[in-house]
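Colleague: What follows is the residue order along each chain.
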Amino acid sequence: MTDLNPEVIHTWLADFASQVHDNAAWLTDLDRAIGDADHGSNLDRGMRAVAALDASTFSDSAAYLKKAGMTLVSTVGGASGPLYGTFFLRVGAALPADGPITASQWADAFEAGLTGIVQRGRAEVGDKTMVDALTPAVTAFRGAGDNVAAAWQAAASASAEGRDATVPLVARKGRASYLGERSAGHQDPGASSVTLLIESAARTLG
Amino acid sequence: MTDLNPEVIHTWLADFASQVHDNAAWLTDLDRAIGDADHGSNLDRGMRAVAALDASTFSDSAAYLKKAGMTLVSTVGGASGPLYGTFFLRVGAALPADGPITASQWADAFEAGLTGIVQRGRAEVGDKTMVDALTPAVTAFRGAGDNVAAAWQAAASASAEGRDATVPLVARKGRASYLGERSAGHQDPGASSVTLLIESAARTLG
Amino acid sequence: MKKLINDVENVVLDSLHGLELAHGDLVRVDYENRVVLRKDAPKQGKVGLVSGGGSGHEPMHGGFVGMGMLDAACPGEVFTSPVPDQMMAADEAVNGGAGVLHIVKNYTGDVMNFDMAAEMAAAESGVRVESVVVDDDVAVQDSLYTAGRRGVGLTVLMEKIVGAGAEAGRDLDTLVALAKKVNGQGRSMGMALTSCTVPAAGKPTFDLGEDEMEVGIGIHGEPGRERRKLASAREVAEMLVEPILGDLDYTGSPVIAMVNGMGGTPLLELFIMYNEVYRILEKHGVTIARNLVGNYITSLEMAGTSVTLLKADDDLLKLWDAPVLTPGLRWGA
Amino acid sequence: MKKLINDVENVVLDSLHGLELAHGDLVRVDYENRVVLRKDAPKQGKVGLVSGGGSGHEPMHGGFVGMGMLDAACPGEVFTSPVPDQMMAADEAVNGGAGVLHIVKNYTGDVMNFDMAAEMAAAESGVRVESVVVDDDVAVQDSLYTAGRRGVGLTVLMEKIVGAGAEAGRDLDTLVALAKKVNGQGRSMGMALTSCTVPAAGKPTFDLGEDEMEVGIGIHGEPGRERRKLASAREVAEMLVEPILGDLDYTGSPVIAMVNGMGGTPLLELFIMYNEVYRILEKHGVTIARNLVGNYITSLEMAGTSVTLLKADDDLLKLWDAPVLTPGLRWGA
Ligand SMILES: Nc1ncnc2c1ncn2[C@@H]1O[C@H](COP(=O)(O)OP(=O)(O)O)[C@@H](O)[C@H]1O
Ligand SMILES: Nc1ncnc2c1ncn2[C@@H]1O[C@H](COP(=O)(O)OP(=O)(O)O)[C@@H](O)[C@H]1O
Ligand SMILES: [Mg+2]
Ligand SMILES: [Mg+2]
Ligand SMILES: [Mg+2]
Ligand SMILES: [Mg+2]
Numbered sequence: 001m002t003d004l005n006p007e008v009i010h011t012w013l014a015d016f017a018s019q020v021h022d023n024a025a026w027l028t029d030l031d032r033a034i035g036d037a038d039h040g041s042n043l044d045r046g047m048r049a050v051a052a053l054d055a056s057t058f059s060d061s062a063a064y065l066k067k068a069g070m071t072l073v074s075t076v077g078g079a080s081g082p083l084y085g086t087f088f089l090r091v092g093a094a095l096p097a098d099g100p101i102t103a104s105q106w107a108d109a110f111e112a113g114l115t116g117i118v119q120r121g122r123a124e125v126g127d128k129t130m131v132d133a134l135t136p137a138v139t140a141f142r143g144a145g146d147n148v149a150a151a152w153q154a155a156a157s158a159s160a161e162g163r164d165a166t167v168p169l170v171a172r173k174g175r176a177s178y179l180g181e182r183s184a185g186h187q188d189p190g191a192s193s194v195t196l197l198i199e200s201a202a203r204t205l206g
Numbered sequence: 001m002t003d004l005n006p007e008v009i010h011t012w013l014a015d016f017a018s019q020v021h022d023n024a025a026w027l028t029d030l031d032r033a034i035g036d037a038d039h040g041s042n043l044d045r046g047m048r049a050v051a052a053l054d055a056s057t058f059s060d061s062a063a064y065l066k067k068a069g070m071t072l073v074s075t076v077g078g079a080s081g082p083l084y085g086t087f088f089l090r091v092g093a094a095l096p097a098d099g100p101i102t103a104s105q106w107a108d109a110f111e112a113g114l115t116g117i118v119q120r121g122r123a124e125v126g127d128k129t130m131v132d133a134l135t136p137a138v139t140a141f142r143g144a145g146d147n148v149a150a151a152w153q154a155a156a157s158a159s160a161e162g163r164d165a166t167v168p169l170v171a172r173k174g175r176a177s178y179l180g181e182r183s184a185g186h187q188d189p190g191a192s193s194v195t196l197l198i199e200s201a202a203r204t205l206g
Numbered sequence: 001m002k003k004l005i006n007d008v009e010n011v012v013l014d015s016l017h018g019l020e021l022a023h024g025d026l027v028r029v030d031y032e033n034r035v036v037l038r039k040d041a042p043k044q045g046k047v048g049l050v051s052g053g054g055s056g057h058e059p060m061h062g063g064f065v066g067m068g069m070l071d072a073a074c075p076g077e078v079f080t081s082p083v084p085d086q087m088m089a090a091d092e093a094v095n096g097g098a099g100v101l102h103i104v105k106n107y108t109g110d111v112m113n114f115d116m117a118a119e120m121a122a123a124e125s126g127v128r129v130e131s132v133v134v135d136d137d138v139a140v141q142d143s144l145y146t147a148g149r150r151g152v153g154l155t156v157l158m159e160k161i162v163g164a165g166a167e168a169g170r171d172l173d174t175l176v177a178l179a180k181k182v183n184g185q186g187r188s189m190g191m192a193l194t195s196c197t198v199p200a201a202g203k204p205t206f207d208l209g210e211d212e213m214e215v216g217i218g219i220h221g222e223p224g225r226e227r228r229k230l231a232s233a234r235e236v237a238e239m240l241v242e243p244i245l246g247d248l249d250y251t252g253s254p255v256i257a258m259v260n261g262m263g264g265t266p267l268l269e270l271f272i273m274y275n276e277v278y279r280i281l282e283k284h285g286v287t288i289a290r291n292l293v294g295n296y297i298t299s300l301e302m303a304g305t306s307v308t309l310l311k312a313d314d315d316l317l318k319l320w321d322a323p324v325l326t327p328g329l330r331w332g333a
Numbered sequence: 001m002k003k004l005i006n007d008v009e010n011v012v013l014d015s016l017h018g019l020e021l022a023h024g025d026l027v028r029v030d031y032e033n034r035v036v037l038r039k040d041a042p043k044q045g046k047v048g049l050v051s052g053g054g055s056g057h058e059p060m061h062g063g064f065v066g067m068g069m070l071d072a073a074c075p076g077e078v079f080t081s082p083v084p085d086q087m088m089a090a091d092e093a094v095n096g097g098a099g100v101l102h103i104v105k106n107y108t109g110d111v112m113n114f115d116m117a118a119e120m121a122a123a124e125s126g127v128r129v130e131s132v133v134v135d136d137d138v139a140v141q142d143s144l145y146t147a148g149r150r151g152v153g154l155t156v157l158m159e160k161i162v163g164a165g166a167e168a169g170r171d172l173d174t175l176v177a178l179a180k181k182v183n184g185q186g187r188s189m190g191m192a193l194t195s196c197t198v199p200a201a202g203k204p205t206f207d208l209g210e211d212e213m214e215v216g217i218g219i220h221g222e223p224g225r226e227r228r229k230l231a232s233a234r235e236v237a238e239m240l241v242e243p244i245l246g247d248l249d250y251t252g253s254p255v256i257a258m259v260n261g262m263g264g265t266p267l268l269e270l271f272i273m274y275n276e277v278y279r280i281l282e283k284h285g286v287t288i289a290r291n292l293v294g295n296y297i298t299s300l301e302m303a304g305t306s307v308t309l310l311k312a313d314d315d316l317l318k319l320w321d322a323p324v325l326t327p328g329l330r331w332g333a
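Protein sequences appear in the order of chains A, B, C and D.
Under this note's numbering, the first residue of the first sequence is numbered 1, with each subsequent residue one higher.
Under this note's numbering, the first residue of the second sequence is numbered 1, with each subsequent residue one higher.
Under this note's numbering, the first residue of the third sequence is numbered 1, with each subsequent residue one higher.
Under this note's numbering, the first residue of the fourth sequence is numbered 1, with each subsequent residue one higher.
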């Protein structure tokens, strides 16, 4: 059991924003190899806008996350804008009211976020997308039991494994799919930023 | 005294054509530094056309040289086309009838060619143009006495000296003049091809 | 990185200012929402035609706003699809009561952002919005299990033709059918001699050896399908035209052909390419009825070219020939 | 060397074939004499307008042949002025009994070859031929003891304006005066971010460091007057506009402004440049009445830009606005 409130959410989003900022060049480099060299700058633009939101103006975590999602939709563009935006919108909508929150409530919320991404992007595990890093994270979180901190740690490791597993894959969704076989041997940029997101959660929500 | 006839002229022009062809890349490189990287290919295009003329179809040397000049005018373009073309047209017009020819008759003809170039291009010695290699050649030839072979040798050395002397000059005519002071330190391409012409003459007309 | 820009953050904004200053008689720019609008939008009773996508492909799309072509264009960041807010603002600004048609290039990002805009618009306003997706790039495998073919050169032709239809007063359903027809009858393929550099990335998107080229390149500097040794214009024309002819039967119809430059290829070379494309088509018995040769859908400063072939008929040719008055395409007006 | 060509010998010829195939409704090509002719030349009673120069500057000049602009263009080899035979053939083909006007860019080669053509034409035929030399490049020192200023961007504006005058039936003397007036009232300055590569030379004409640019570049890849560190679009605009304004007083007249691309610069950047040029002129109280933004007088694939400013008046604006229908410039028709 941890406590859900706008300040906690703010810590998480701010941490993720600074991770994205510090890794923007790396994410863009990953996207250069199999995409169009903009994933880092896209997400950085969006997360800077999210980090600039004033946490104190939101009545509750759900409103805050909804606004974060809308902000990403409105500032990121590209494939990752609607996907990340949908994720936060759905997580916000699925979270319980502010106050004590259990591991399984967190799992439900993140699963809702994942479902939103899959509905919008129609990618399956193995298509070499962010779904490959998010799906194992949600599964690991749910399987980790009641300790929220431990669950986040499990999710972060699983996400990193899922991210690493994208390297040999041939992309079937997104821009990398145009490369066909040539996409194999490269780590997916979206899966890489998703792992940063889960690692931030493990640092701040545990 | 040597003998003037179309075959002699052909030997000269063919020798010059092959010199230009072999040195085309070098001439273009010189033009790259202070011009537009085409002097070698320009002159090579023209001299290949001249070399392709059938010497046996000309009634005399004058007609042959006139045709060579017109061919250059019609195929070279750029600054060097009209200048080289005018040179051969004037040399042809100034030569005596075929038969024995003296050193001073050769000098008169080449001086006429030089005058044609100066009338068309209005360059003076020191402007960093082909005039810088041709003027000393004509002067040296005239000062060398009656031995035609010796006169050509003198002309060739003087031309090479004039060519070398273009290196430190600041160009005042032609494309290199746009560079102002930056043109100093480079050898003039047109002066360089003129020296090839005089050296060919020394090899074939002496 | 060698570019005539101020700072990488403002590349798109600065360029929009220049576009409006240069072509203020044809377009105006809504800077708050980042939308390029036809000067006289909305046109009452006319279907509003909206397109958009990442910037860096100029003159597409902003340069195609004007009489007889687009009513609005939504420019995203360089190579990044625009966001739904832009499209919603565009829809509202061009809605003349006859509905709005989105022309969307088939990229995951473009499709998802336009989808979200349409969903939100349907929820918030009463404007009827339809979408047509362009996917003409034969370099990419077409399959239900992938992102499908990219939308490339055919977009230019579609915007011209559907724009003429909208200008002529055709209704939304008719224009949806027209756009789908164009999409069904057109194919493209491109190649690159050099990479481009995304301003925010600061270095070339891909590295190509001095003797290499990418065949099947996209318009965002996505690496192509295949890396090959440099070849002559004639061979390159074959590499582009043959896959198109292999994908669709072009015989028996006049063709609208575009030989497009990727931004860094001089016109001198594009006309050499056009000559080769023309000869190959002639050999196959395919006749070019209309053509465009130039830089119409570019990838920043990339050197390269693409070929687009559209099977035409009397109606398409009539719409093609109709007057157009935009910054990037202009005839008959 | 990365180029879409077949062999270096045939670059110009292959490209002319493409031009004619693409724009056969506007131009025809006399391949034997290497002249691009207006489709309906000669126009009886109209002054024939002939220009020409080295190739590699497309669309100039061949792309400016057509109604309201040139009657003929003589394309030389790449960056090499054409030969007198071409101009003589052009003069004969466009002579409609009202004489011929040559528009010549001020380069030693161009001037000498056009001179020879005029001399030979005067001797051989009865056609009256006049010449006007364009020398608008403020990057180059103007002096009696040098080759003088180069003819660059203003050539495009002169061909449009004098072409409109010829189309309107003005006589040869009037057109000579008009062309001289345009030359007196227009100035240009250019810069390059990268070199170009002459096909026959096979390597870049000059080497520039990754952080360098050439200011005061010519259109043949002649190195510029000054090598400088890279700068922002704003600073580059200042480097180009200020020397122009310092050379000629532009206040009090409307201006026709061209922001031209050197061939390898994307439109995105040219509009950024236009925005900056506009702001600088505004600060100086100079108003742009008409503009051209795009690739009009290029140097193969060179990245860079040039600015041309022409002081206009009602007559020049009227001629500017008159219809023009050529492969490279088209409005009102
Ligand atoms: N259909 C999809 N479903 C899930 N994720 C996707 C999909 N398409 C792309 N992605 C993710 O988006 C990432 C690319 O994001 P970004 O570079 O910002 O967008 P774009 O491809 O439009 O330039 C990819 O690495 C991939 O993880
Ligand atoms: N006015 C002139 N008088 C004499 N020679 C000249 C003049 N202008 C240029 N040249 C010569 O022409 C040479 C360049 O020839 P070329 O490269 O073929 O022509 P272009 O400069 O037109 O490209 C110069 O190196 C110079 O020697
Ligand atoms: Mg990307
Ligand atoms: Mg030269
Ligand atoms: Mg992108
Ligand atoms: Mg030259």
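If you're looking for bench data, these hints aren't it; they were derived computationally from the structure.
Keep in mind it's a predicted model, so treat the numbers as computed, not measured.
Ideal placement from N, C-alpha and C gives every residue a C-beta, glycine not left out.
Check each hint, because a few of them may be wrong.
If you want the footprint, here are the derived chain D segments under chain B, 3+ residues with CB under 8 angstroms [said to hold, decoys possible]:
(1) 28-36
(2) 121-127
Taking CB as the label site, the calculated pair distances span [stated by the list, open to error]:
(3) B:P100 with D:V8: 25 to 31 angstroms
(4) C:G126 with A:T102: 54 to 60 angstroms
(5) C:K203 with B:R48: 29 to 35 angstroms
(6) C:K203 with D:E235: 18 to 24 angstroms
(7) D:E235 with A:T102: 55 to 61 angstroms
(8) C:G246 with B:T57: 31 to 37 angstroms
(9) C:E130 with D:D207: 41 to 47 angstroms
(10) D:M1 with C:E130: 45 to 51 angstroms
(11) A:A150 with D:K229: 35 to 41 angstroms
(12) D:K229 with A:T11: 39 to 45 angstroms
(13) B:P96 with D:A122: 51 to 57 angstroms
(14) D:D321 with C:G96: 26 to 32 angstroms
(15) C:E130 with A:E181: 54 to 60 angstroms
Colleague: Each hint needs a verdict: does it hold in this structure or not?
Modeller: Verification of the supplied hints:
1. 28-36: violated (count 0)
2. 121-127: Since 0 is below three, the answer is violated.
3. B:P100 with D:V8: 25 to 31 angstroms: 45 angstroms, violated
4. C:G126 with A:T102: 54 to 60 angstroms: Given a distance of about 43 angstroms, which is not inside 54 to 60 angstroms, the answer is violated.
5. C:K203 with B:R48: 29 to 35 angstroms: 44 angstroms, violated
6. C:K203 with D:E235: 18 to 24 angstroms: About 22 angstroms separates the Cβ atoms of C:K203 and D:E235, which means 18 to 24 angstroms holds.
7. D:E235 with A:T102: 55 to 61 angstroms: 59 angstroms, holds
8. C:G246 with B:T57: 31 to 37 angstroms: Violated, since C:G246 and B:T57 (Cβ atoms, about 54 angstroms apart) do not stay within the stated range.
9. C:E130 with D:D207: 41 to 47 angstroms: Violated, since C:E130 and D:D207 (Cβ atoms, about 54 angstroms apart) do not stay within the stated range.
10. D:M1 with C:E130: 45 to 51 angstroms: 48 angstroms, holds
11. A:A150 with D:K229: 35 to 41 angstroms: 56 angstroms, violated
12. D:K229 with A:T11: 39 to 45 angstroms: 44 angstroms, holds
13. B:P96 with D:A122: 51 to 57 angstroms: 30 angstroms, violated
14. D:D321 with C:G96: 26 to 32 angstroms: 30 angstroms, holds
15. C:E130 with A:E181: 54 to 60 angstroms: About 36 angstroms separates the Cβ atoms of C:E130 and A:E181, which means 54 to 60 angstroms is violated.
In the structure shown, a violation is registered for the earlier hints numbered 1, 2, 3, 4, 5, 8, 9, 11, 13, 15, in ascending order.
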